[in-house]
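*Asks:* Residue strings, one per chain:
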Amino acid sequence: KAGVTQTPRYLIKTRGQQVTLSCSPISGHRSVSWYQQTPGQGLQFLFEYFSETQRNKGNFPGRFSGRQFSNSRSEMNVSTLELGDSALYLCASFIRTSGIGEQFFGPGTRLTVL
Amino acid sequence: GENVEQHPSTLSVQEGDSAVIKCTYSDSASNYFPWYKQELGKGPQLIIDIRSNVGEKKDQRIAVTLNKTAKHFSLHITETQPEDSAVYFCAAYRNDYKLSFGAGTTVTVRA
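If you're matching them up, the sequences are chains A and B in order.
Following my numbering, the numbering of the first sequence begins with 28 at its first residue and continues without gaps.
Following my numbering, the numbering of the second sequence begins with 1482 at its first residue and continues without gaps.
With the rest of the complex left out, here is chain B (with noise of 0.2 Å):
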């Protein structure tokens, strides 16, 4: 089945720099590539999402990149700011149904 290794696995910024969270995947069939964000006592919320004929996708602060050739994808915030604290989840699908996903990345932004 698809293995979706995320890091790091904690990682404090200070407000107003920028977050980078890496992922990489092991089947090449996989297609499309979401990110979530869960915050403290609720579920994961969808924040953007790529599919594997795009290389970049941009959403105001919020920008992911795919490297189907690596296998590889990232998640870039800019300009952190206290509400961006949560944890962040890669995920992968493959057209079986179920997504597969990193083991979370804790973002803290330092005031």
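Only chain A is shown next, with the shape it has when bound in the complex (with noise of 0.2 Å):
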């Protein structure tokens, strides 16, 4: 079976632009999680989605952004973009067995903002 899968791995932005990550879940898993990961913050949860819907938000401003299709597949967008959002954004696929939820990472896309 397929593991998560991010595009780009890598992207280099200038401060004000925006950008769009995309994020495939392992086939059949219908959650999707959006993490990032810096340095001096280490992982910190941005958003989830089920079945197209955001379930859950973390403390992140409204410049960042997600949605699901259909498929399952999500992306996140981060608009106006600033030095400190440069990180590893890392997109977890999410199943729910026994009421425990086990989550398995992509290996991330790499930010850079300049």
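Don't take each hint at face value.
What the hints assert, rightly or not - EDC-like mimics (lysine to aspartate or glutamate), calculated; alpha carbons at most 16 Å apart, straight line:
id, chain 1, residue 1, chain 2, residue 2
1, B, Lys1549, B, Glu1520
2, A, Lys84, B, Glu1483
3, B, Lys1518, B, Glu1483
4, B, Lys1503, B, Glu1486
5, B, Lys1523, B, Asp1565
6, B, Lys1518, A, Glu129
Stated by the list, open to error - Derived contacts from chain A toward chain B, CB cut-off under 10 Å, selection only:
id, residue
7, Val31
8, Tyr62
9, Gly69
10, Gln71
11, Arg94
12, Cys118
13, Leu141
To be verified - Cβ pair distances, simulated, as ranges:
id, chain 1, residue 1, chain 2, residue 2, range
14, B, Thr1491, A, Tyr37, 19 to 29 Å
15, B, Gln1541, A, Gly30, 20 to 30 Å
16, A, Thr107, B, Lys1538, 26 to 36 Å
17, B, Gln1562, A, Gly89, 42 to 52 Å
18, A, Ala29, B, Pro1563, 27 to 37 Å
19, B, His1488, A, Gln45, 31 to 41 Å
Worth flagging that the hints you see were computed from the coordinates, not collected in a lab.
Being a predicted model, the structure only gives us computed values, none of them experimental.
We treat Cβ as the ideally placed atom computed from N, Cα and C, and that holds for glycine.
Assembling the complex is the task here: the two chains are given apart, and the hints tell you how they should meet.
*Replies:* Given below as structure tokens:
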């Protein structure tokens, strides 16, 4: 079974631009979560989507948004990029079994904002 | 919300020795505790997990223990090998569809 895929793997943008990242979950998984990873803040939860609906949201400004399509693929958008948005953005495919949520991560998209 | 603390932040061990990483959590409603290993340039990989109704779980050279009363859980790696060098993250989950992560432990196995 193929794992979580994320595209692109690397991005370089300048301040003020916007960016869209894509994530395809493991086949059959209907939930996708997004995390931001930085050296200073560690892994921070952005949001989670299930069946095209945002089910949970972290403490990030409105510049960070996402959506999920009917095939469970998800996109994350960051508008008006700031230098501090430079990070590794991770997508996790989530499956709930016996009341427990197991998450499997993709390789991430490395975003650099200049 | 859930707060997960992880110690130590760095750990250097001699090949063949054991490594132990400890985490504490704040929310007694958390019921699932996965551990992830992240190698350079890759996403975190789930290596072992434990549910709140279990006290210990072992998978070859790695084991995890959970003390619900004290709200702490630990990762044990025995007979460490160079390929165990990575960053390890603990996490806690409490049925709200998101994981709360510890800050990570950088493990270096010296040959």
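*Asks:* Hint by hint, say whether it matches the structure.
*Replies:* Status of the hints after comparison with the structure:
1. B/Lys1549 x B/Glu1520: violated (29 Å)
2. A/Lys84 x B/Glu1483: holds (14 Å)
3. B/Lys1518 x B/Glu1483: violated (21 Å)
4. B/Lys1503 x B/Glu1486: holds (8 Å)
5. B/Lys1523 x B/Asp1565: holds (14 Å)
6. B/Lys1518 x A/Glu129: holds (15 Å)
7. Val31: This interface hint holds because 8 Å falls under the 10 Å limit.
8. Tyr62: OK, holds: tyrosine 62 of chain A within 10 Å of chain B, min 8 Å.
9. Gly69: Holds: closest Cβ of chain B sits about 5 Å from glycine 69 of chain A, inside 10 Å.
10. Gln71: holds (8 Å)
11. Arg94: Hint violated; arginine 94 of chain A Cβ to chain B Cβ min 17 Å, cut 10 Å.
12. Cys118: Hint holds; cysteine 118 of chain A Cβ to chain B Cβ min 8 Å, cut 10 Å.
13. Leu141: violated (21 Å)
14. B/Thr1491 x A/Tyr37: 19 to 29 Å: holds (27 Å)
15. B/Gln1541 x A/Gly30: 20 to 30 Å: holds (21 Å)
16. A/Thr107 x B/Lys1538: 26 to 36 Å: violated (45 Å)
17. B/Gln1562 x A/Gly89: 42 to 52 Å: holds (46 Å)
18. A/Ala29 x B/Pro1563: 27 to 37 Å: holds (29 Å)
19. B/His1488 x A/Gln45: 31 to 41 Å: Roughly 39 Å apart at Cβ, these two residues keep to the hinted range, so it holds.
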